[in-house]
Amino acid sequence: MKTLRLPFDNAQGRRSGRSPKVCILRADGTNCDVELFYAFKKAGGDPEYVNVNQLRDKSKSMQDFQILALPGGFAYGDDIASGKIWAVELVSFFKDELEKFHKKDGIIVGICNGFQVLIRTGLLPFGNIGKMDATLLPNNSGHFECRWVRVRDEKSKRIFWMSINHGEGKFFANNETIKAIETKGLVIFRYIDNPNGSINDIAGVTDPTGRVIGLMPHPEKFMDLTQYPNWRRDKITKPHGSFIFEEMIKYAKENL
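Position 95 of the sequence shown, counting from 1, maps to 116 under the numbering used here, and the rest follow consecutively.
Don't read these hints as lab results, they were simulated from the structure.
Be careful, since some hints might not be right.
[Claimed, not checked] Cβ pair distances, simulated, as ranges:
id, residue 1, residue 2, range
1, 229, 158, 34 to 44 Å
2, 214, 125, 15 to 25 Å
3, 101, 255, 39 to 49 Å
4, 180, 150, 30 to 40 Å
5, 254, 214, 12 to 22 Å
6, 77, 55, 30 to 40 Å
7, 49, 257, 32 to 42 Å
8, 229, 256, 35 to 45 Å
9, 42, 177, 36 to 46 Å
[As the list claims (entries may be wrong)] With a straight-line cut-off of 20 Å between C-alpha atoms, the simulated EDC-like cross-links for lysine to aspartate or glutamate are:
id, residue 1, residue 2
10, 124, 85
11, 125, 99
12, 62, 78
13, 105, 126
14, 124, 245
15, 152, 197
16, 81, 120
17, 125, 154
18, 178, 120
19, 116, 67
20, 81, 67
21, 116, 85
22, 81, 100
23, 63, 245
24, 79, 56
25, 274, 85
26, 178, 267
27, 42, 267
28, 274, 67
29, 63, 268
30, 42, 275
31, 256, 245
32, 259, 49
33, 176, 49
34, 178, 268
35, 42, 110
36, 42, 126
37, 178, 126
38, 271, 110
Since we're looking at a predicted model, the values are computed, not measured.
The C-beta atom is built at its ideal place from N, Cα and C for all residues, glycine as well.
When you get a sec, could you build the whole thing from the sequences and use the hints?
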């Protein structure tokens, strides 16, 4: 099953039995890093916690990894706007590193706050680092939404259960940008029951290469059946988050 836009157009088909190295990037205020580490580990990856300061002092490099993952949370307190300060930091100090990582076919994934960061860096939706083409606004409800929602995968049309935990998750852009996103097929997930007012029920998008992935729901919080509230009643045989992380690891093993 191809849950995300994998494999990618530039795949070289280099197969390896090694576990792909995953950078779980952290900053002050990150708080979903443990769940993200567990998700990649369970899917067959080799995750490592890396603080953004380690990139700044060059004790760690993005180029040492095949996957760069930005967790949820409230980076730098979400001051100014959700994910804004972290996005400015990444663009100001690591623009060249990000471009190099992307050009070598590395996978970049941002979940919740990580998605907000990728949007504000310009990596999503069009891969224009330093140019913000869309945003994530406060929810229509006016309050923090914390519940389980149904999300449809645009490619397979399969329905997934995922949890949401955000106050600013409403995907928004001007009409021209939304049209371009839809025309290029960049939407990867849509809400069945829109919890925040996102235009066109958009829950997650990718860039044109398919290797930069962002979504507001948390697939990393459904890696064990018992994490789902109705696990005893619903006939779910495999945690829905597993499909997403296993697909990323599969691609990385075969192509990076």
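Return the numbers of the hints above that this structure violates; sort them in rising order. Hints 1, 2, 6, 9, 11, 12, 13, 14, 17, 18, 19, 22, 24, 32, 33, 35, 37 and 38 are the ones this structure does not satisfy, whereas the remaining hints hold.
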